[in-house]
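**Q** Chain by chain, the residues:
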Amino acid sequence: MKTSQTLFFAFVALLSLSACSQDYQKLSENQTDLRKIEIARDFSDRFYNTLKSGKTYEFSGEATEPMANLLSADKQKEIYQQISNQFGHYKSIQYAETWTSVKQSDTHIIRFKGEFEKTAKRLEIRVVINDEGKIAGFWIKPWLDPLT
Amino acid sequence: MIISLVLNPYNRLAGIRAIFLGLIIHIVLTSISFYSGTHINSNLFFKLASDTPFWYFLAEMSLHASLNILGLIVTGYLLSRTQFRLIDIIGTALFSRAPLVLLPAARLIPAFKSFYVTSPVIYILILIFIVSVIWSITLLYNAFKISCNPKSKFTNIGFIAAMLLSEGISQFIIYQILP
Amino acid sequence: MKKLPTSCPSCESQLKVKQLQCENCSTEVLGLYELPHLAVLSNSDQMFILDFVKASGSLKLMAQKMGLSYPSVRNKLDEIIDRLKDLEE
Numbered sequence: 001m002k003t004s005q006t007l008f009f010a011f012v013a014l015l016s017l018s019a020c021s022q023d024y025q026k027l028s029e030n031q032t033d034l035r036k037i038e039i040a041r042d043f044s045d046r047f048y049n050t051l052k053s054g055k056t057y058e059f060s061g062e063a064t065e066p067m068a069n070l071l072s073a074d075k076q077k078e079i080y081q082q083i084s085n086q087f088g089h090y091k092s093i094q095y096a097e098t099w100t101s102v103k104q105s106d107t108h109i110i111r112f113k114g115e116f117e118k119t120a121k122r123l124e125i126r127v128v129i130n131d132e133g134k135i136a137g138f139w140i141k142p143w144l145d146p147l148t
Numbered sequence: 001m002i003i004s005l006v007l008n009p010y011n012r013l014a015g016i017r018a019i020f021l022g023l024i025i026h027i028v029l030t031s032i033s034f035y036s037g038t039h040i041n042s043n044l045f046f047k048l049a050s051d052t053p054f055w056y057f058l059a060e061m062s063l064h065a066s067l068n069i070l071g072l073i074v075t076g077y078l079l080s081r082t083q084f085r086l087i088d089i090i091g092t093a094l095f096s097r098a099p100l101v102l103l104p105a106a107r108l109i110p111a112f113k114s115f116y117v118t119s120p121v122i123y124i125l126i127l128i129f130i131v132s133v134i135w136s137i138t139l140l141y142n143a144f145k146i147s148c149n150p151k152s153k154f155t156n157i158g159f160i161a162a163m164l165l166s167e168g169i170s171q172f173i174i175y176q177i178l179p
Numbered sequence: 001m002k003k004l005p006t007s008c009p010s011c012e013s014q015l016k017v018k019q020l021q022c023e024n025c026s027t028e029v030l031g032l033y034e035l036p037h038l039a040v041l042s043n044s045d046q047m048f049i050l051d052f053v054k055a056s057g058s059l060k061l062m063a064q065k066m067g068l069s070y071p072s073v074r075n076k077l078d079e080i081i082d083r084l085k086d087l088e089e
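Protein chains in written order, with the working numbering: chain P, 1 to 148; chain H, 1 to 179; chain U, 1 to 89.
The set of hints was computed from the structure by calculation and includes no laboratory data. Note that CB positions come from ideal geometry on N, CA and C, so glycine has one too. Heads up, some of the hints might be wrong.
Pulled a few chain H residues facing chain U out of the computed Cβ check, cut under 8 Å [claimed, not checked]:
(1) Y10
(2) R12
(3) A14
(4) G15
(5) T82
(6) F84
(7) D88
(8) I146
To be clear about the criterion: a stretch of chain H counts as covered by chain P if any three or more of its residues have a C-beta under 8 Å from a C-beta of chain P, and this derived list gives those stretches [said to hold, decoys possible]:
(9) 91-100
(10) 108-118
The whole structure should be built from the sequences, with the hints applied where relevant.
**A** Put into structure tokens, the structure is as follows:
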């Protein structure tokens, strides 16, 4: 009985410790900013659909300057070429969750699951929206449940 | 007595009954894995991702189980001096996957579902995985010994070789052939 | 019922039958006879063989009667077969 009690309390302590130590935390449904999610979803969908049609996406102030400069026309073509070769063309996007940095709570990391034609696996489309409501980060990577 | 039953129930359980229980375990394991987003398609690693539909989880787990069983059947034919029944090795090997349910079941706890990668939660999950795999492989080894009754000095090597080979083939199919 | 000793308590070699007696007319037969292979087996092995014959050679029935799995019973039979083969050699 004593050993099992000790194990139980150790388990609870470890869980509490794990809750305290994170640099990022997941937002509950009440805490999420629907406007930011909509901005992120809209951008991601338009971005990939534009690339799918063979054109390149033109930024019009929805992203930060460094972000827009990073995703030049050539870069966009290169990225989409790699994605479509491996996973097929973009199909759709589905909101998954929102995280925020403990230090910068106005910046939201919004995670979507993207569906592509050639694979049954959904990929993560990650959009970072800063405190101004602009896109400050944009990734595509294999989906993992833990935030990496 | 309980420990010996937990590590080797096959003195009392084999044949059709084991196949029936093994199939139930397989469906339960696949379902819980799907709902918790835990891919256990290997004895060496796991993936935490709710990224594929149910049929994909079923396919990869069935593939992994089938290749393990096939490896043991082939090894049994090579090392056993007497005939054995396929339903015994299939049933007991399927049943041996029961401990693998520990990790996906743990992932149903919200704190273990979604976390930042540096959280200690990952170490707890790794520990659970190691315990469940060791338990499962112990059961599998006992299943192999009881069902095939190998009497060769190469029994242990044969078992390890069968596991490694089936592991390699299943990983190749899952990551190179499945969409 | 007394257990028939099969190995020497001094050096553990296999014992042989030297004297047989008729309970009816007190005739004694002296010689040196090998014990039958079945008699050399342990009590549990002998009971297993008797039960196996009574079950008409059905391992399935044996498994049901003994409350064990089929492969466990078959493995026990394999062990007895190996012991008998060793005795024959």
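**Q** Any hints this thing doesn't respect? Which numbers, in order?
**A** 9
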